[in-house]
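Undergrad: The residues making up each chain are set out below.
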Amino acid sequence: MKKQVQPDNGVIVVRDLVKKFNTQLVLDGISLAAEKGKTTVIIGPSGCGKTVLMKHMIVLERPSSGEVYFKSRRIDDMNERQLEKVRTQYGFLFQGSALFDSLSVYENIIFPIRQHHVITDWKAIDELVKSKLAMVGMDGFQTYYPANLSGGQKKRVALARAIAMNPHVILYDEPTTGLDPIRADIINELILKLQRELEVTSVVVTHDMNSAYKIGDRIIMLHEGKIIADGDAEHIRKHPHPAVQQFIHGRVSEEDLAALRLGGTKFKTQYTPEDFK
Amino acid sequence: MLEGIGIKTIDCIGNIGRFARFSGRTVTASMQTCLQPKTYPLIWAQMNTIGVHSVPVIMATGAFVGMILAVQAYDQLAGMGLEEHLGVLINIAVVKELGPVLAAVMLAGRVGGALTAELGTMNVTEQISAVRSMGTDPVKHLVAPRVLACLLLTPFLIIYADLLGIIGGCFVSVVHFGINSRAYWEFSARGVEMWDVLTGILKGFLFGGAIAGISCYKGFNCREGAQGVGEACTEAFVGSFISILAINFIFAVVAKAIYNTFWSIQPLL
Ligand SMILES: Nc1ncnc2c1ncn2[C@@H]1O[C@H](COP(=O)(O)OP(=O)(O)OP(=O)(O)O)[C@@H](O)[C@H]1O
Ligand SMILES: [Mg+2]
Numbered sequence: 003m004k005k006q007v008q009p010d011n012g013v014i015v016v017r018d019l020v021k022k023f024n025t026q027l028v029l030d031g032i033s034l035a036a037e038k039g040k041t042t043v044i045i046g047p048s049g050c051g052k053t054v055l056m057k058h059m060i061v062l063e064r065p066s067s068g069e070v071y072f073k074s075r076r077i078d079d080m081n082e083r084q085l086e087k088v089r090t091q092y093g094f095l096f097q098g099s100a101l102f103d104s105l106s107v108y109e110n111i112i113f114p115i116r117q118h119h120v121i122t123d124w125k126a127i128d129e130l131v132k133s134k135l136a137m138v139g140m141d142g143f144q145t146y147y148p149a150n151l152s153g154g155q156k157k158r159v160a161l162a163r164a165i166a167m168n169p170h171v172i173l174y175d176e177p178t179t180g181l182d183p184i185r186a187d188i189i190n191e192l193i194l195k196l197q198r199e200l201e202v203t204s205v206v207v208t209h210d211m212n213s214a215y216k217i218g219d220r221i222i223m224l225h226e227g228k229i230i231a232d233g234d235a236e237h238i239r240k241h242p243h244p245a246v247q248q249f250i251h252g253r254v255s256e257e258d259l260a261a262l263r264l265g266g267t268k269f270k271t272q273y274t275p276e277d278f279k
Numbered sequence: 004m005l006e007g008i009g010i011k012t013i014d015c016i017g018n019i020g021r022f023a024r025f026s027g028r029t030v031t032a033s034m035q036t037c038l039q040p041k042t043y044p045l046i047w048a049q050m051n052t053i054g055v056h057s058v059p060v061i062m063a064t065g066a067f068v069g070m071i072l073a074v075q076a077y078d079q080l081a082g083m084g085l086e087e088h089l090g091v092l093i094n095i096a097v098v099k100e101l102g103p104v105l106a107a108v109m110l111a112g113r114v115g116g117a118l119t120a121e122l123g124t125m126n127v128t129e130q131i132s133a134v135r136s137m138g139t140d141p142v143k144h145l146v147a148p149r150v151l152a153c154l155l156l157t158p159f160l161i162i163y164a165d166l167l168g169i170i171g172g173c174f175v176s177v178v179h180f181g182i183n184s185r186a187y188w189e190f191s192a193r194g195v196e197m198w199d200v201l202t203g204i205l206k207g208f209l210f211g212g213a214i215a216g217i218s219c220y221k222g223f224n225c226r227e228g229a230q231g232v233g234e235a236c237t238e239a240f241v242g243s244f245i246s247i248l249a250i251n252f253i254f255a256v257v258a259k260a261i262y263n264t265f266w267s268i269q270p271l272l
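So the protein sequences, as listed, match chains A and B.
Each residue of the first sequence is one higher than the last, beginning at 3 in the working numbering.
Each residue of the second sequence is one higher than the last, beginning at 4 in the working numbering.
This list has only true hints and no planted wrong ones.
Here are the simulated DSSO-like pairs of lysine-lysine, each with C-alpha atoms no more than 30 Å apart in a straight line:
1) B:LYS41 x A:LYS125
2) A:LYS216 x A:LYS132
3) B:LYS41 x A:LYS132
4) B:LYS41 x A:LYS87
Worth flagging that the hints you see were computed from the coordinates, not collected in a lab.
Bound-form chain A, shown alone:
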């Protein structure tokens, strides 16, 4: 049962994508369309090829076979020069942040702006950087260098950089991984806000099911290079495929474990409620 997608089914359309690294088959015939103004969430076990799939959407990787379309135009066979124009319409958050470590936070964020515009009004740019950093809770860190930031802080600065140009398509590779739960929820809200107010089309790779349910209009699960589930949060929750159930409940059982530990297990040096009185 193979679903046929057409180039005009969404802003980003991937058709029959196959990717091999040498002999290793990573993606095996993926077809999907990210619709305009919607958030498409991609979930799947670690190492199943989510990052690779996402890189194909902006042609940082070239497919072994299959096609990629952006706004109904085929982009996977374009040369780098043509792709430059297309890529300016994207924001891409790398899983590992990929901040430029020789540049300060401020310079990192103005980097994409600087590449494509001649900046004359520096006051306005300062304001813009401030507002983008404030959105991710990092205002005040303008002069820091990436080496002096924690992993979660880097991720948030990278997110601010990805949205600096107000792109209409944003690809987020694990935006909430490595953040505390409150921060993670703020990022979820940010993604929702961008979608509501600017009609941004987003694709989000995540392991965080709370986040997936909250922001995803549509959730797609990858497994062994193929799509095994596709639908809204409700559909995924009730999906009969065992791999899907295992994946989405993995987190719950972990919580159960944690709860057990709190209730029962005794450590010799464990604090009891009386100790805090």
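With chain A's structure known, arrange chain B with the ligands on it following the hints.
TA: Okay, now just chain B with the ligands, sitting in the frame of chain A:
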């Protein structure tokens, strides 16, 4: 075994092809960069790290070359009573070969290693992908300024090496061996032609371009991980070193041919 040789050959040819394509892109990107004032600050910054910061080591290299030549050659010449000709020997050697080549080798180590390590680290931490993802050509943004800075400044660094080589040689000859300084300089002036100095300096453009090109290429194509970056640095230095020697040889042959045809008929014109 035959299969092994075959794979190696294909690998090698593929590598040459990739390097040729990379060089082509670098050349076009560099020319575009020259025409865009926006990118000048990037070139300035690179000139500072590549050029200005290399001056002390280059000067030290030049000085020691000049001094050692004086020390080693003095006995032979003095044995024949020709010690006043020491200047020609030292200055010709410094200006034509040792100054440019040793300065270039020094640069290959100092600058080439740094370029490869920097770009290699950027590659493995996806910073180069990040540049691409923002619609910027990494060759234009990262490689062109480095190649241009290296290309433009190597000749100047060679001038520094030459200068210090000459001073060092003179210092040892005159002060240490007590050669008459007037005679030293007069023989030198007669022996060393403008052509020798010029070709020595002109080689610098080729050396600089080769060092930066090879180092950036290795950085861009390095394998994952710390070990990958390390290997890339080694390969970049070996590659730069061999190409400096090869370019030097080819340049010498070509320059000699040009000299014989044109420079020698100059007095007739
Ligand atoms: N450049 C590459 N060269 C070779 N193999 C690669 C490359 N990039 C990815 N792979 C392989 O592709 C597979 C999928 O990698 P990918 O990074 O997409 O996983 P992922 O789903 O994003 O995992 P995670 O959730 O841990 O980030 C991995 O098995 C990896 O070995
Ligand atoms: Mg990933």
